[in-house]
Each structure stands twice: as structure tokens, then as C-alpha cells.
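There are 2 protein chains.
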Amino acid sequence: MKKSLGAETIVVPTPVWIVCSYDVDGKANGMAVAWGGVCCSQPPCVTVSLRKATYSYGSIISRKAYTVNILPDSRLAEADYFGIASGRERDKFADTGLTAVKSTLVDAPYIEEAAMVLECRLAHTFDIGLHTMFVGEIIDAKAETSVLDERGRVDIKKVRPAIYTPKQRSYHGIGGYLGDAYIIGKPFKK
Amino acid sequence: MKKSLGAETIVVPTPVWIVCSYDVDGKANGMAVAWGGVCCSQPPCVTVSLRKATYSYGSIISRKAYTVNILPDSRLAEADYFGIASGRERDKFADTGLTAVKSTLVDAPYIEEAAMVLECRLAHTFDIGLHTMFVGEIIDAKAETSVLDERGRVDIKKVRPAIYTPKQRSYHGIGGYLGDAYIIGKPFKK
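Note that the protein sequences, when read in sequence, are chains A and B. Convert by adding 9 to the 1-based position in the first sequence; the result is the number in this note's numbering. Convert by adding 9 to the 1-based position in the second sequence; the result is the number in this note's numbering.
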């Protein structure tokens, strides 16, 4: 039986992405974002939604760029801190010991310790309500060679991203392999 | 060491959501979508991106509504089929044996067997490129009572959603609990 939970953003999975940008003074900053997802294959684009009140909001507007960083779950406490502190008061890279690297492709830093990084050029800005949705065109996707499979593809079991559950405010890891897409459903094709 | 993978939508996690709608004749249809995410807390909104070529595209445009359905991983083959077949030729509910239920809140069907459902009113349509991004306002979130924790919150370990990895085209399940958000990062706060 289904129970109504109300008009709320209760959905799984949501990601734990660290969205990094430079502020007006060139200080590297980042924030943890669960509101985001891929929105287009060509051009390749990913959304992240931020409240205007965040320090990152102004940075992304002014620099027209950001990176999406996926930390391995061994760095989950650091990722969580990026969702607790504000870049207005703190240097989160200094506080966590993570390393900001200047992207050569967009005007934003990425995290050296990230398993994967998307370097994005701000393509669209949509005010939806409390959150503003930034659509970033992915100029390059980078991954640690250690998280690639034998065919050079990103292997989620090696990336070890965390999954966020809204409301319960919990993090979970990635579980076992369940099957190949576009394959396991074929038996239903009459 | 990071390796460039090019300008591609290679990112994790992405969801396995079945986006359901009625076509012009009132036939219930659905399609598997990995390109989507939450985009605003107030009003609560979720994006799903579809190619114009899909059968669902016209249905959502005409009905101005859709539902997001999260099937448990025991129904992953059915979910995968919803990403293989087209509603233009097939009745995917009949083919899989899943049950379409008419929403009382929006002009769209949802899946009885889904662990969670978001009933959405189409709020915005943004053409990004190959994909069109639909922003749906969540009118209600519903969950099976069996997937709620003792405090009535959605428990991702009970929902058992699948996670999709682009390029590798693989599905994985949810792993172990890793910690509480806004808690485990606190030690970095000086």
C-alpha cells in the first residue's frame, strides 16, 4: 500500500557531488550538492541546483564555470564537510586537506583527490524557485586511471561514490552488480 | 593520475527512473530515464530529460504531467525493458505484467509495483540540445509503507533502487550505510 508523503523532494538516488568554483578573489571553494543530474547527451550537460544564498552561487555566476567532483567514499567525511561549512567564512580545502587544482579548460578548480571530475562551462541559468538550476556543458570528463575497467570505461565499483537519501539524510555506498542495461529486459520483447 | 575521457556524460550515480505518461489515446506508457535529478526544494521539482524522438515526449507535452517511478531491484529486468521498447509499437505494461494506476492528482499513470512514485505537473520545458529537459513540480511523493523506516521516512535500503552507470551500461544496487549527512563532516569544523 502506498502512503502519501506530501509535496516533497523525496527521491532516490541523489548524488553527493562537490561543485567547485573560484570566488571573485580567486579562492577555490566547493559545496556538496545532491540536487543535480545529467540533462542532455549532445551537447553533454549536467545540472546542479544551488540556493542564491550560497557563496558558490555568486562565484559560478561571475566565473561562468564549475566542476563536478566525485570523491570516493573513503573521503565522505570531507565531502560532508563541504555541505556544512560556507566558503564565505572558511577555506574548505585548507580545513579538509584536499587539494584544489586549476582546470586548464574552464575557470574553476577541481579536487585532486576526486575519483572523477566534470569540467563545465555554464551554459544556462534557470531560476526555478528557492533553487537556481545551473546547466553546465561538460567540456571534459576526467577519471583516475585506477577507477577504469579493462576497456577504459568508468567502473562505479572502483569510483565508490556515495548515494544520498533526502529526509533520512543518510549516505550509502554502491552495492553489487545487478546486470547490463539494454540486455536484461530483452526477454520481455515478444 | 587523471585521464581525460572527453566531452561526455560520464558521471555517477545516475538513476533508473520509469517516467510514465498517457498518450493522446489514453494508453499508459513509460520509459526508463537516467538523465534526471532534483532541481528545486521549493517548489519541489524534479527534472527528466527525453529526446524529442521518444514516444513519451509528445505524451508529456500534451498531458502536461508525468510520474517518476522507482522499481525495486527485483523488477530491474522490467525497468530495463521500459528502456528498450517504444510505446509507439508496444504496450509495455502488458508486456511486463506491471500495473498502471491512474493518478488522482495529475493526468498520468503510475506503477502499482513501484516502491516510490512522484506525481508531477509539467512546470517548465527547456530545449537543451538532443534532449529536452522537463521540470516537473512534485505534487505528491508516495511510497510503499514497507519501504519506510520506524520514523516514517523513506529508507533507501528498503526501496532497493538500481543505479545506472553510463558507458559501462551496468546496473548496481545500493550498498551499506556509510553515515549521516551534516554529521560525519563536523570534525573538520575548527
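Calculated directly from the structure, the hints in this document are not laboratory data. Take these hints with a grain of salt, some might be off.
Since the list gives no way to pick out one identical chain from another, each pair is judged satisfied if it fits inside one copy or across any two copies.
Said to hold, decoys possible - Pairs of lysine-lysine residues, derived as DSS-like cross-links and limited to a Cα-Cα distance of at most 25 angstroms, are as follows:
#: 1; residue 1: LYS73; residue 2: LYS61
#: 2; residue 1: LYS176; residue 2: LYS195
#: 3; residue 1: LYS167; residue 2: LYS36
#: 4; residue 1: LYS12; residue 2: LYS199
Tested hints:
1. Proximity of LYS73 and LYS61 under a CA criterion of 25 angstroms is satisfied intra-copy only: 15 angstroms inside one chain copy versus 28 angstroms between copies.
2. When the C-alpha separation of LYS176 and LYS195 is checked against a cutoff of 25 angstroms, the pair qualifies only between copies, where the shortest distance is 19 angstroms, while the shortest distance within a copy is 36 angstroms.
3. For the identical chains of this complex, LYS167 and LYS36 are neighbours neither inside a copy (31 angstroms) nor across copies (42 angstroms), given an alpha-carbon limit of 25 angstroms.
4. With identical chains, the CA atoms of LYS12 and LYS199 are never at most 25 angstroms apart, being 34 angstroms at best within one copy and 42 angstroms at best between copies.
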